[in-house]
Amino acid sequence: MDKKRLRISIFVLLFLGLSFLFSAVQVPPALAQEATPSDDEVNAIARQLYCPVCENTPLDVCPTEACRQWRDLIRQMLAEGRTEDEIKQYFVDNYGARVLAEPPRSGFFWLVYIVPPAAILAAAFFFIRAFRTWKQMAREPAGGSAASDGEASQTRDDYAARLEAELEKRK
Amino acid sequence: MNENNPTPPAPRRGAPLWVQILVFAALLGLLVLVGLGLARAQQPIIAVGAAVPDFTLTLFDGYAYNGAGEVSLTDLRGQVVVINFWASWCKPCEEEAADLEAAWRHYAAQAPGRVIFLGIDYVDTEPQARSYLAKFEISFPNGPDMGTRISQAFNRTMGVPETYIIDQNGILVHVQIGPFLSVAEIQRIIDPLLGR
Numbered sequence: 001m002d003k004k005r006l007r008i009s010i011f012v013l014l015f016l017g018l019s020f021l022f023s024a025v026q027v028p029p030a031l032a033q034e035a036t037p038s039d040d041e042v043n044a045i046a047r048q049l050y051c052p053v054c055e056n057t058p059l060d061v062c063p064t065e066a067c068r069q070w071r072d073l074i075r076q077m078l079a080e081g082r083t084e085d086e087i088k089q090y091f092v093d094n095y096g097a098r099v100l101a102e103p104p105r106s107g108f109f110w111l112v113y114i115v116p117p118a119a120i121l122a123a124a125f126f127f128i129r130a131f132r133t134w135k136q137m138a139r140e141p142a143g144g145s146a147a148s149d150g151e152a153s154q155t156r157d158d159y160a161a162r163l164e165a166e167l168e169k170r171k
Numbered sequence: 001m002n003e004n005n006p007t008p009p010a011p012r013r014g015a016p017l018w019v020q021i022l023v024f025a026a027l028l029g030l031l032v033l034v035g036l037g038l039a040r041a042q043q044p045i046i047a048v049g050a051a052v053p054d055f056t057l058t059l060f061d062g063y064a065y066n067g068a069g070e071v072s073l074t075d076l077r078g079q080v081v082v083i084n085f086w087a088s089w090c091k092p093c094e095e096e097a098a099d100l101e102a103a104w105r106h107y108a109a110q111a112p113g114r115v116i117f118l119g120i121d122y123v124d125t126e127p128q129a130r131s132y133l134a135k136f137e138i139s140f141p142n143g144p145d146m147g148t149r150i151s152q153a154f155n156r157t158m159g160v161p162e163t164y165i166i167d168q169n170g171i172l173v174h175v176q177i178g179p180f181l182s183v184a185e186i187q188r189i190i191d192p193l194l195g196r
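Taken in sequence, the protein lines are chains A and B.
Note that the numbering used here numbers the first sequence so that position 158 is 158, with each residue one more than the last.
Note that the numbering used here numbers the second sequence so that position 32 is 32, with each residue one more than the last.
For the record, the hints were derived by calculation from the structure and aren't laboratory data.
Predicted model, so just to flag it, every value in this text is computed and none were measured.
All residues carry an ideal CB built from backbone N, CA and C; glycine is no exception.
Some hints here could point you the wrong way.
[As the list claims (entries may be wrong)] To give an idea of the interface, some chain A residues facing chain B are shown, with a C-beta separation under 8 Å as derived from the structure: (1) 52; (2) 56; (3) 90; (4) 122.
[What the hints assert, rightly or not] If we take Cβ atoms under 8 Å as the criterion, some of the chain B residues that face chain A in the derived model are: (5) 23; (6) 36; (7) 146; (8) 147.
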């Protein structure tokens with residue numbers, strides 16, 4: 001009985017030992033895969049950047065040699081463990097804030113965020129005002145002529161009454 | 001009759017005066033900003049005959065000027081300064097790289113301390129820039145254009161290669177858009193400045 005338990009214990013220990021060894025052997029390939037960032041990971045950052053040489057072409061789709069070098073640099077930085085913000089900051093430090101697809105929310109760049117909505121609101125305000133004014137002007141001529149017709153009719157009535165009174169006097 | 005029935009005052013139309021002034025001031029400010037931006041964007045390259053504004057170039061590791069890791073244009077007053085903008089991804093830059101290095105070595109030997117060449121690396125990555133410098137054995141001071149500030153001061157629509165030659169008084173005397181085709185071409189511009 002004791003021998004049987006001993007055998008089972010040895011078997012279990014061997015199984016656990018082999019499992020540990022197997023898992024240890026499996027780890028390095030997984031780490032190696034993580035060390036090489038995929039194109040998607042590189043492009044996720046690249047699409048937020050614009051190379052100054054190729055205006056209006058996001059870095060992730062730009063076909064020039066300069067842009068390819070930038071993408072390689074992003075891949076290298078990701079492999080070194082740098083964060084997205086650190087990588088973007090590196091490009092801003094080296095090439096200026098104009099490389100960012102979305103300008104930073106600071107200093108002079110605030111105008112980019114404030115001016116367009118303000119202009120749209122102002123335009124909407126003036127359009128609504130102008131629309132109301134036109135509508136009022138379109139209504140006024142009709143109302144104005146009705147009022148003048150009433151006044152004219154009143155004047156005619158007064159005149160007729162005075163005329164009749166004069167005729168009565170002369171009878 | 002009209003005296004007995006005075007016309008009621010017309011209803012007040014339009015925004016208050018202060019709102020109108022504010023809106024017009026904002027519009028004016030916006031127009032000025034847009035105008036300044038456009039004027040800035042269309043600024044031409046520094047004209048020949050004009051003084052070149054000062055700048056400081058931080059040099060790549062392994063390069064130095066008078067033992068320092070950076071160089072300012074004002075430090076170079078009294079020398080002819082050849083400023084070459086280049087990039088490792090620029091094929092035409094490769095065409096002139098050897099000629100620039102040969103010209104630099106020629107003047108370093110023939111007129112020491114009278115001519116200085118500066119290489120400014122434009123929109124480039126450092127590993128590729130270093131490979132380029134090593135490939136063409138460039139020995140004159142070189143550094144990256146951090147934030148593209150120097151190139152923007154020279155030409156807002158910079159393309160490489162571009163070379164600017166400045167006389168001993170800090171005045172721009174020659175602009176080369178595109179590569180030099182020979183050492184002789186470079187010498188034809190620099191020699192007269194040295195009284196040759």
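Taking the hints in turn, this is what the structure says about them:
Taking 8 Å as the C-beta contact cut-off toward chain B, the hint placing residue 52/A at the interface holds, the least distance being around 5 Å. With a least beta-carbon distance of about 14 Å to chain B, the hint placing residue 56/A at the interface is violated under the 8 Å criterion. At its closest, the beta carbon of residue 90/A sits 10 Å from a beta carbon of chain B; the interface hint therefore is violated under the 8 Å criterion. Checking residue 122/A against chain B by beta carbon gives a least distance of about 7 Å; that is within 8 Å, so the hint holds.
Taking 8 Å as the C-beta contact cut-off toward chain A, the hint placing residue 23/B at the interface holds, the least distance being around 7 Å. The restraint placing residue 36/B at the interface with chain A is violated, with a minimum CB-CB distance near 11 Å, outside the 8 Å limit. Residue-level restraint check for residue 146/B holds (minimum Cβ-Cβ distance to chain A is 6 Å; threshold 8 Å). For residue 147/B, the suggested interface contact is upheld, since its CB lies about 4 Å from the closest CB of chain A, less than 8 Å.
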